[in-house]
Amino acid sequence: MALKIVKGSIDRMFDKNLQDLVRGIRNHKEDEAKYISTCIDEIKQELKQDNIAVKANAVCKLTYLQMLGYDVSWAAFNIVEVMSSSKFTYKRIGYLAASQCFHENTDVIMLTTNQIRKDLSSPNQYDTGVALTGLSCFVTPDLARDLANDIMTLMSHTKPYIRKKAVLIMYKVFLKYPESLRPAFPRLKEKLEDPDPGVQSAAVNVICELARRNPKNYLSLAPLFFKLMTSSTNNWVLIKIIKLFGALTPLEPRLGKKLIEPLTNLIHSTSAMSLLYECVNTVIAVLISLSSGMPNHSASIQLCVQKLRILIEDSDQNLKYLGLLAMSKILKTHPKSVQSHKDLILQCLDDKDESIRLRALDLLYGMVSKKNLMEIVKKLMIHVDKAEGTTYRDELLTKIIDICSQSNYQYITNFEWYISILVELTRLEGTRHGHLIASQMLDVAIRVKAIRVFAVAQMATLLDNAHLLTGNMQRNGICEVLYAAAWICGEFSEHLENPVQTLEAMLRPKVATLPGHIQAVYVQNAAKLFATILKNQEGNTDSTAAQETSQMMIDRLPLFVQSANLEVQERASCILQLVKYIQKLQQKDVEVAEEVSALFAGELNPVAPKAQKKVPVPEGLDLDAWINEPPSESESEDEQPKAIFTKEEPKHSRPRHTEVDEKELARRREARKQEQANNPFYIKASPSSQKVYQEAPGVEHIPVVQIDLSVPLKVPGLPMSDQYVKLEEERRQKERAEKKKKEKKKRKEKRSGRGKKHDSGPESEEDITPAHVVDIVTEEMPENALPSDDDDKDPNDPHKALDIDLDKPLADSEKLPVRSHRAAGAPKSSAEDGEAENATPQEPKKKSSKEKRDKKKDKERDRKRSKEEKKKKKHKHEEKEEDLLGGQAEEPVVQSEEMKEVEAQPTSTSAEVSDLDFWLSNAPVPSNTQEAATVAEAAPAPEAPAGTAADSEPEEPKDTETEESSSKHKKKKQKKEKEEKEKKKKKKHHHHHHHSDGGGEESVQNGTVEEEEPLPPMSNYCLLAENSYIKMMMEDADQVCDIQGNLQDGSQVVVSVIFENKSDSFLKSMEFNVLDSLNSKLQRPEGSGPHDGLTVPFQLPPGVSNEARFVFTVQSIVMPQKLKGTLTFIVKNEDSSTHEKLDFKLHFTCTSYLITTPCYSDAFAKLLESGDLKSSSVRLEGVNMPFHHLLARICFHHHFSVVERIDSCASMYSRSIQGHHVCLLVKTSGQTVSIDAKCDEPTLLGNVLDEIKQTFSQC
Amino acid sequence: MIKAILIFNNHGKPRLIRFYQYFAEDMQQQIIRETFHLVSKRDDNVCNFLEGGSLIGGSDYKLIYRHYATLYFVFCVDSSESELGILDLIQVFVETLDKCFENVCELDLIFHMDKVHYILQEVVMGGMVLETNMNEIVAQVEVQNRMEKSELCNQN
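Those protein sequence lines, which keep their order, are chains Z and B.
Here the first sequence stands for residues 1 to 1259, where the numbers follow our numbering.
Here the second sequence stands for residues 1 to 156, where the numbers follow our numbering.
Misleading hints may appear alongside valid ones.
Stated by the list, open to error - Pairs of lysine-lysine residues, derived as BS3-like cross-links and limited to a Cα-Cα distance of at most 27 Å, are as follows: (1) K149/B with K87/Z; (2) K41/B with K386/Z; (3) K115/B with K29/Z; (4) K726/Z with K399/Z; (5) K159/Z with K99/B; (6) K149/B with K118/Z; (7) K159/Z with K115/B; (8) K399/Z with K41/B; (9) K13/B with K44/Z; (10) K16/Z with K149/B; (11) K13/B with K48/Z; (12) K149/B with K159/Z; (13) K13/B with K87/Z; (14) K41/B with K379/Z.
Said to hold, decoys possible - Computed list of chain Z residues with no C-beta within reach of chain B, every gap over 12 Å: (15) S73; (16) P223; (17) H383; (18) V1178.
These are computed hints drawn from the structure, not numbers from a lab.
In this text, a Cβ means the ideal position worked out from N, Cα and C, and glycines have one as well.
Please work from the sequences and hints to get the whole structure.
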């Protein structure tokens, strides 16, 4: 052994370590890849050795190679080996490697669960720390589920170093395993007030991350955060909290009002720029949320803007950047306050820093007005010319278009200028945004009718100079504009100055090098152009010109007919044939122009982008309904067509071969015309379409106004937008002069308020009238379009699953999976263990978050229902409670205690809600001590009955907390009281579970899922016993073991008990013991006496709960029975430890011996026919619940399964662990339920029926 | 959340990479290249924030970086992090490195990538800021280094 170690270390002396590897790589610069591949071979050898030090060294080197881009996943198993080393040094190397290269699909991760768990509970805090750090990088849903409980325990670790890591990693656990959020949240919340600032900061961090995605669920924490904000001095924490408030304020404007003052104070007082900046940001968010009608906050806006100006003017580029960033947020709601800083922002456009220029660009969007648009765009155009990198230039380009086109071209006064800007932009080489320019050109040309003449002229020039654009076609997105140019020239060809020249340009051979879709547009529009030319030329006496044009088409088109692009080819050959035919007619001197242009007549109106989506479904049309009966599957293929088409028109199936008679054709044509006339989307062939368009509802048609003659229409060569700026300037001046004249006249007549504007400045917004009243055609929408605007959230967002209501009290079923699902009493059952462990972790997985949501809904509906019946229920409930307290033996006392406990939870949350209201409505923050004082006074009264119950110990802190809330709830409004009542009602379910305990694990909804009405939540855990130290919850008769145990000698019952430590002390050495009866015995390990207790296989730190399982053997199962037991344990405080004891009773009902077993109806019928079964029946009166609830209850509490259900009648089946068949026939009419039952064991049947009766008598 | 932390030198050679979201190795290298390309062409007197890394993140993410002598320290963060806060954090991290390595230089990072990782693990965990107090970080790192030393001594 010693020799081996020595040998290992000698080996290591010859091995390369990380430093050697790095050095080696640096020395082999020219053949690095080759060197590394030899190194990897060495590493592979090293990994094969037994020595862990060698392995760790190898893994360390792999981590380095991973950084260089080498895939090292092949060594995943070796990494796991190194992770599991007992030495910290190696463990750390292993975890580092794992965190660098493991991910969700790494399969060896499955193997790590137990190792990580071991490390998490290691006595060495650094082992734990390393494991947590590693886990944070590669946690999978499985790991999260299996380890959630362990990590949660670590949140209360003694060392803050571990606590803060455990708190942080919980966020990752929540993401991967959303079910853990609710159980873990209370403790996370506690950590907000952890004495250690690091832990506090971590908790704030996690909650902020959670709240950022689903802010509404965290609104109730606002008071707590507010307290932290006013008390904390840690800037990190402050920043996080302030950011969080920024996310919360939009949901609760009152919160914003409360925040303004402390935030303003912080802004004035803090010296930390980061904090100042975040404060300003949140104030902005507050102001946005308050934006309507809060005049007195203008001071705050001023403060923000002023501070931001200071930031922007700062020489530190970072502050400048952030200042601009924040400014853009203000811009949205308070554009005026930002606009006054236009100078500053324009200055930033010239900044050398691209990030800053981009931010300034964003702001420009809100800065423009009719007055300065041209000036700003001119500046941007200069930047475009100067911009070196394409990204920034592209950004500039889109910004220019954004700015100009915003709110329906609101700020554009001169569209000629805009068109020329667009044309200038086409000179950009290598831009990606050709299509953007193209769509702008199309949009403007179509929607601004007055500009068409000018646009067509410009586009014709563009087409003529196409060679300038298409220099390097392949990677040049700009050629997209030719698409627009060709279309505009074709569509509005009547405005063309020289159509023949344009046609010639469109049919140049070079066009064939353009992308296919552009060529297609070229060909189509060449045809349109051709039609126009024919029309023009036919009027002339000389017909040769027209024939020449046709000849040109015929000469040039074949080039496109050969195109590889199908669309181009098809269009070209169609048009070619058409032109050939036209030529033939021309030679015969037939007038064709009219017919040819009719091909392209009619106007295209712009259609709103969402129009298609918003077409309403006509009344009476069900899109999901079958038009004809769907073909049944048994039918053969051949028969199907007949089934699909109706008999009246069998010929429809083969329309090509049918000869429909003339009358029919005429009729159809008429019908089609009629339809088309009513269809707003159909392009009509007649010029009268204009009229129809005018009549369309909601679309105002503005008459086209003549273009101002001061602007020359024809600009030779490519346009210079600057010309237009000058012209526009002149025009405006002229206008102003005219206005002044008018004004003077007016002033003479009357001195009105209008004059004011002129005094304030040289020219104000409203005074600039556009050069031509712009006829912006509104986009068409279908009649009675649906107004809905649906924006879908990303369904893959992991945070969606975390949208969980955290204020709702925890249900019993909401427990983190506990690791030791082990039957403590059955040492032999290792196989069972496996089964149990397999079964339990899977279960929460099945319970998807969706199901959970359903459950939530259920509860709500349940709540509503119960509100209606509130009064009745209330009475009933009170009666019951009295009964329980007075009448029955010791058990109910314990129950009432439990009820208190459960009651306290909802109360505390509603208290919280009202707290928030209270806190928001009142200006001063209520101090906690005051609250506590009032609580202490109120406390004794409600606690009095509980005092008589099981414990006479002094109250633990947790109890006082519940009292606090219960006393507070008295103050509550009526509404809340109502809620409480339902909660009480819900508790009653709890309560009767005790009598009818047992059931199929925690899976709440049993197999019988009903569509009608959701089921109320049910749980099988019931309180066993409780004192101030510990609470035991029991789930009885778990069948897990019997599933695989053979039913023939099935005589085992497993009891799961949850132990919860309610005290502040550590509980250890717990022993569980039960007095055996003749019939039932606790299974004890071999060699122990019949009266020895079983050691509970865990210890409980404060506030922790865990679950243990105990196996009992039973002889006869026909009778219910009770077993007395005790739990002994040691309570360990810092200074003392005491022995404590808790008595309890286990109640084994007959139903706990039943196992849910599915049964098919035919088997069921056979069973009933066999005649072996004895029958019995029972009637239940006054059962006031839907039938499916009733069934679900029987299924859930009594382990039955529904065989068949017909209306208000159902057959059910179950089987005992000893193989007795139990069959039920349940019928309901009104409030009476009759159950006829059959079983081969009459005593068992009787008892089961009694228990069922009891279940329902308690509803 | 911090999505990634990259340290590379003036030539784009990675010195430490730490992704808090899974990317395959070739993607990681591509991200490093892209980030280097974006960062390296910026002057030293421009701001430390950068948008537009297309491979990593999206509109919600920013690159926040600092340039020290021959090394770039780049953090890719989303909008829940304070920009100036992260800049401070980078400073804290570098100062911690300086303390732990005594006048840190690129060579330290080259030869002791693992140690740099261990230090980083005390600052950022799973993409969230764990500790910002330099003394606390240094103390924890030193305790762990001592543990390592004693373990290795025992062995030899």
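Checklist entry - Is the straight-line distance between the alpha-carbon of K726/Z and that of K399/Z 27 Å or less? => result holds, 23 Å
Checklist entry - Within a Cα-Cα threshold of 27 Å, do K41/B and K386/Z meet the stated pairing? => result holds, 17 Å
Checklist entry - Is it correct that the beta-carbon of S73/Z has no partner in chain B closer than or equal to 12 Å? => result At about 9 Å from chain B, S73/Z fails to clear the 12 Å cut-off, so the statement is violated.
Item to check | Proposed proximity, K149/B with K16/Z (alpha carbon, max 27 Å) | outcome: Answer holds: K16/Z to K149/B is near 19 Å, not above 27 Å.
Checklist entry - In terms of Cβ atoms, is chain B entirely out of 12 Å range of V1178/Z? => result holds, 58 Å
Checklist entry - Given the hinted pair K41/B and K379/Z, is their alpha-carbon gap at most 27 Å? => result Status holds; Cα separation ~25 Å.
Item to check | Pairwise hint evaluation, K41/B against K399/Z, where the allowed Cα distance is 27 Å at most | outcome: holds, 23 Å
Item to check | 27 Å Cα cutoff - pair K149/B, K87/Z | outcome: holds, 11 Å
Item to check | Restraint status (C-alpha distance of K13/B to K48/Z at most 27 Å) | outcome: Violated, at roughly 31 Å.
Item to check | Holds or violated: K149/B to K118/Z, with C-alpha atoms at most 27 Å apart | outcome: Judged against 27 Å, a Cα distance of about 23 Å means the pair holds.
Next on the checklist: Run the distance test for K115/B versus K29/Z: straight-line Cα separation, threshold 27 Å.
Outcome noted: Roughly 24 Å separates the two Cα atoms, so the pair holds.
Checklist entry - Can we confirm that no CB of chain B comes within 12 Å of the CB of H383/Z? => result holds, 17 Å
Comparing the model with each numbered hint stated earlier shows that hints 11, 13 and 15 do not hold.
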